[in-house]
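From just these sequences and the hints, can you work out the full model?
Under the numbering used here, the first residue of the sequence shown is numbered 1, with each subsequent residue one higher.
Please keep in mind that the hints were generated in silico from the structure rather than gathered at the bench.
Errors might be hidden in some of the hints.
[As the list claims (entries may be wrong)] Below are the DSBU-like pairs computed for lysine-lysine, each with C-alpha atoms no more than 30 Å apart in a straight line: (1) K293 - K197; (2) K295 - K305; (3) K105 - K2; (4) K57 - K319; (5) K28 - K293; (6) K57 - K150; (7) K36 - K77; (8) K320 - K306; (9) K36 - K130; (10) K288 - K28; (11) K95 - K107; (12) K158 - K57; (13) K28 - K98; (14) K28 - K250; (15) K3 - K98; (16) K197 - K317; (17) K225 - K312; (18) K18 - K36; (19) K225 - K306; (20) K158 - K197; (21) K57 - K103; (22) K317 - K246.
The structure displayed is predicted, hence computed values, not measured ones.
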Amino acid sequence: MKKYAFIGDISFNNRFEKIYSEGENPFKGINSILNKADVVGNLECFARGDTGVNELKNPRLDTSEETLNLLADINIKIACLANNHAFDNLDSGFKKTKLILGKHKIKSIGASMDNNYSIPLIVGEQDDIKIAFLNYVNYDTNPSIPPNTKIKVNFFCKNTLLSKIKELRDRVNHVVVLLHWGGRVENGFYPDWHQPKIARELINAGADLIIGHHSHTFQPFERYKGKYIFYSLGNFCFDDIYMNYKLYSKLSPRQKESAIINIDFYKDSYKVEITPIRNRGGNIIIDKSLYVKYKCRNILFHIIKKFHFVWKIYYIKLKKINPIFNYFFI
Numbered sequence: 001m002k003k004y005a006f007i008g009d010i011s012f013n014n015r016f017e018k019i020y021s022e023g024e025n026p027f028k029g030i031n032s033i034l035n036k037a038d039v040v041g042n043l044e045c046f047a048r049g050d051t052g053v054n055e056l057k058n059p060r061l062d063t064s065e066e067t068l069n070l071l072a073d074i075n076i077k078i079a080c081l082a083n084n085h086a087f088d089n090l091d092s093g094f095k096k097t098k099l100i101l102g103k104h105k106i107k108s109i110g111a112s113m114d115n116n117y118s119i120p121l122i123v124g125e126q127d128d129i130k131i132a133f134l135n136y137v138n139y140d141t142n143p144s145i146p147p148n149t150k151i152k153v154n155f156f157c158k159n160t161l162l163s164k165i166k167e168l169r170d171r172v173n174h175v176v177v178l179l180h181w182g183g184r185v186e187n188g189f190y191p192d193w194h195q196p197k198i199a200r201e202l203i204n205a206g207a208d209l210i211i212g213h214h215s216h217t218f219q220p221f222e223r224y225k226g227k228y229i230f231y232s233l234g235n236f237c238f239d240d241i242y243m244n245y246k247l248y249s250k251l252s253p254r255q256k257e258s259a260i261i262n263i264d265f266y267k268d269s270y271k272v273e274i275t276p277i278r279n280r281g282g283n284i285i286i287d288k289s290l291y292v293k294y295k296c297r298n299i300l301f302h303i304i305k306k307f308h309f310v311w312k313i314y315y316i317k318l319k320k321i322n323p324i325f326n327y328f329f330i
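Written out as C-alpha cells, the structure reads:
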C-alpha cells in the first residue's frame, strides 16, 4: 500500500511570510494527518525573482525564498507547477523556487525550464505499486505568458492527455491526473458545464483519479465507474493578495474552506478519506462541520450537471450577482 494526501492551492503570500519569520507552524493542527502520507499539492506562489515581475498577469503571487521552507512543514513530496502563476516572477523566480524544491527533495511536475515539463512522474518503479502523475493547466485560467521566457508549462490538450493516459495504462497500476482548470468558474462552488464530460472521457481512457485545482473553492466530487473525480480542492493555504502595496483581493469565507484527500493506493484499487479543513487567521485546522456543507453541495451538483438551464442560472449568479454582493459586504 502507498499513502498519499492531496491538498489544494498552496500560497505562502502576505501574512505567511510573517508567520514564518516568527518561527510559527501554521499547520500544527493538521500535521498528524500530513505526516502519515506523501503530500501532493499545487504550488501557486513562487519566490520573488531578481528581474521584476510578469506585468501581463493580474493578480500575481509571490513570497520570499525563506518562506518557501514552510513546504517542509507540510511533508510535500510532489509539487504541481502547471498553473496560471508559474510565470508571475519570471525566469529568475522560477529558478529560485526549483532550487528550494530540490533542497527539500520535493519532486515537481508540470513545468520546467527544459523539455521535461511534459514528462509524467512515475513513482514506485521498484515496487509492486506504480503510480503515474500527470499535471496540466488550461489556458482559460489566464496564465499570461511573458515574452522571451524559458519557462515551459504543460498546457492542457484533451487529445494529447487522452493519448498519454492510454500509453501509461499498461505500465502502471494507477494514473493520477492533476488539472488546473475551470477558469470561467473561478471562485464558484460548481465546475464549468463541460468539465464533467471531460473528466469522464479521461476516466474512460484509463485515468484512475482526477484532482482539480484553480477555483479557490472546494467544489463537488463524484465517482464514475468506481473512480473519483475531485473538480477542485480549493485553497489549502492562501491569504489576501496585495499588489504594489495595495489590497487587490481579500480572501472570502468560501476561499478559506478546503479538504485533505487521503488516499491509500493498493495494487488494483484505492481507498479515499476526506478531511475538511479551514484557514482560520492563517492557521490551517480540521473543521468537521464542513462535512454537511460539502454533502449538500454534492447533492445540488447532481441536479446542476443534468440540466443546462440550471447551470446557466448558477453561472449568471456567480458572474453577475456575487461580485455586487462581494463589493458591498465582503
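Here's how the hints hold up against the structure:
| no. | hint | in the structure |
| --- | --- | --- |
| 1 | K293 - K197 | 24 Å, holds |
| 2 | K295 - K305 | 16 Å, holds |
| 3 | K105 - K2 | 18 Å, holds |
| 4 | K57 - K319 | 20 Å, holds |
| 5 | K28 - K293 | 24 Å, holds |
| 6 | K57 - K150 | 17 Å, holds |
| 7 | K36 - K77 | 12 Å, holds |
| 8 | K320 - K306 | 22 Å, holds |
| 9 | K36 - K130 | 19 Å, holds |
| 10 | K288 - K28 | 17 Å, holds |
| 11 | K95 - K107 | 14 Å, holds |
| 12 | K158 - K57 | 25 Å, holds |
| 13 | K28 - K98 | 25 Å, holds |
| 14 | K28 - K250 | 24 Å, holds |
| 15 | K3 - K98 | 25 Å, holds |
| 16 | K197 - K317 | 22 Å, holds |
| 17 | K225 - K312 | 27 Å, holds |
| 18 | K18 - K36 | 27 Å, holds |
| 19 | K225 - K306 | 18 Å, holds |
| 20 | K158 - K197 | 11 Å, holds |
| 21 | K57 - K103 | 28 Å, holds |
| 22 | K317 - K246 | 28 Å, holds |
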